[in-house]
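Chemist: Model the placement of chains V and Z on the given structure of chain Y, informed by the hints.
Residue numbers (the working numbering), protein chains in the order written: chain Y, 1 to 163; chain V, 164 to 326; chain Z, 327 to 489.
Honestly, the hints are just simulated from the structure, not real lab data. Built from N, CA and C at the ideal position, the CB exists for glycine as well. Don't take every hint at face value.
Stated by the list, open to error - Think about it this way: if two alpha-carbon atoms lie no more than 27 Å apart in a straight line, the pair counts; the simulated DSSO-like pairs of lysine-lysine are:
| no. | chain 1 | residue 1 | chain 2 | residue 2 |
| --- | --- | --- | --- | --- |
| 1 | Z | Lys458 | Z | Lys354 |
| 2 | Y | Lys146 | Z | Lys458 |
| 3 | V | Lys326 | Z | Lys489 |
| 4 | V | Lys309 | Z | Lys489 |
| 5 | Y | Lys94 | Z | Lys336 |
Unchecked claim - Listed next, the stretches of chain V that the computed footprint assigns to chain Y, with coverage defined by at least 3 CB atoms under 8 Å from CB atoms of chain Y:
| no. | segment |
| --- | --- |
| 6 | 244-251 |
| 7 | 283-289 |
| 8 | 309-317 |
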Amino acid sequence: MKVLFTGGVKSGKSALAEQYILSLCDKKPYYLATTECLDEAMDQRILIHQQRRGEQFITLEEPLDIIAAIEFCDQPVLIECMTMWINNMLYHEKEETIFPILEQVCHLPHDLIFVHNEVGLGILPENALARKFADIAGLAGQLLAKYCDEVYFCTAGLKQRFK
Amino acid sequence: MKVLFTGGVKSGKSALAEQYILSLCDKKPYYLATTECLDEAMDQRILIHQQRRGEQFITLEEPLDIIAAIEFCDQPVLIECMTMWINNMLYHEKEETIFPILEQVCHLPHDLIFVHNEVGLGILPENALARKFADIAGLAGQLLAKYCDEVYFCTAGLKQRFK
Amino acid sequence: MKVLFTGGVKSGKSALAEQYILSLCDKKPYYLATTECLDEAMDQRILIHQQRRGEQFITLEEPLDIIAAIEFCDQPVLIECMTMWINNMLYHEKEETIFPILEQVCHLPHDLIFVHNEVGLGILPENALARKFADIAGLAGQLLAKYCDEVYFCTAGLKQRFK
Chain Y
1 MKVLFTGGVK SGKSALAEQY ILSLCDKKPY YLATTECLDE AMDQRILIHQ QRRGEQFITL
61 EEPLDIIAAI EFCDQPVLIE CMTMWINNML YHEKEETIFP ILEQVCHLPH DLIFVHNEVG
121 LGILPENALA RKFADIAGLA GQLLAKYCDE VYFCTAGLKQ RFK
Chain V
164 MKVLFTGGVK SGKSALAEQY ILSLCDKKPY YLATTECLDE AMDQRILIHQ QRRGEQFITL
224 EEPLDIIAAI EFCDQPVLIE CMTMWINNML YHEKEETIFP ILEQVCHLPH DLIFVHNEVG
284 LGILPENALA RKFADIAGLA GQLLAKYCDE VYFCTAGLKQ RFK
Chain Z
327 MKVLFTGGVK SGKSALAEQY ILSLCDKKPY YLATTECLDE AMDQRILIHQ QRRGEQFITL
387 EEPLDIIAAI EFCDQPVLIE CMTMWINNML YHEKEETIFP ILEQVCHLPH DLIFVHNEVG
447 LGILPENALA RKFADIAGLA GQLLAKYCDE VYFCTAGLKQ RFK
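Chain Y with its partners taken away, still in its complex shape (with noise of 0.2 Å):
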């Protein structure tokens, strides 16, 4: 089974998606943590969700090779969060890899829960790297939402189901 959480900057997703993995699980559940400690905000952020997580999940730490990551996992699996992830491999340019990935990772046997980051709702900036961002971010969105059994969308800390 595959699951989507998407929604905005502290929409929730990220709580609900922990809640909705947890009532799945009679044993442990693997966290996916994609994200790179590249600056003291972002370690902060780090710090507050492997508190809510406490004793929960086993942690998982790969900001790229999420595939080799996922594998090794006889659990489900939570994904926190793709966007990060997306936003790796751009960094680290590996963009044409980005949607194979994706397709792989949705072919996997593993019961995947995805939190994804709606950001296409605003004024795009003129910044063209932010742009292109959001682009990706959206059509993986769309990609993951295709291949999920459930898609959920995330609001003022509600989920919606919208597939």
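Modeler: Using the frame of chain Y, we list chains V and Z on its own:
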């Protein structure tokens, strides 16, 4: 009863919230305007809002101490809007009391209709203050939604019930 | 019949609107492209859209006078997209006729499918023109939704009926 209307700029959330509270009340409800007039563009917006309200509301203006303003009310109160109040609290360096006050407001016995602005569904600007504002506004939306009996997501002048 | 597809950048709204109108028509529907080719990145986008349309549409191109373009049509018309048309109207200093024209379009007897871009759910940029654009785009979405029989909010390639 507590009700939340959330949505983007010009999504129609204010008009929908006004219709909602008017359909609820026999007597004139209160309209708590949190906007401080800081520039002319704002004056314009405020004027448009005031004209729509017409004679149907008792208008109160309070940019910061919303609890004091609400406590005085003996009819349902529409608070327009929470994101502007957050903005004022940040501007006046009262950040650390935002969430305690929100908790208190949600525990008041009054019927309250909150208007809130979704700001987290676009590319975040690089400006650190804007990022902080987006985080706080998103978390405030979650807190309000948790306590509200009904939550509506507004877009294109239509309200969709999310709770 | 009038139908509105609204959503963010790369939300899948164009493809969903195209599927919708094709399922509606026995004969080839019209595709009214409002985009003016102003730079190469746009050329690229237009090309991608054209390729997806293939041989299934009669394509019209009109950046400003959409009423003249529609009046000529004897089959349903997909207008792609309204926000680009608003952008063109602002660029050519025809702001004051935007809403009168929108009203007229909504009263045409034709079956019309509108594609519209949600831009008001992020942090607004400081740029005054961008703010004005967000306001006008949001109000235009409200006006279109008021006259439309069906309104779909699109995200991650999924459409959710809001009216």
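Chemist: Evaluate each hint against the coordinates.
Modeler: Hints, verified against the model:
| no. | hint | in the structure |
| --- | --- | --- |
| 1 | Z:Lys458 - Z:Lys354 | violated, 37 Å |
| 2 | Y:Lys146 - Z:Lys458 | violated, 35 Å |
| 3 | V:Lys326 - Z:Lys489 | holds, 17 Å |
| 4 | V:Lys309 - Z:Lys489 | holds, 26 Å |
| 5 | Y:Lys94 - Z:Lys336 | holds, 21 Å |
| 6 | 244-251 | violated (count 0) |
| 7 | 283-289 | holds (count 6) |
| 8 | 309-317 | holds (count 3) |
Checked against the numbered hints given earlier, this structure breaks hints 1, 2 and 6; the rest are met.
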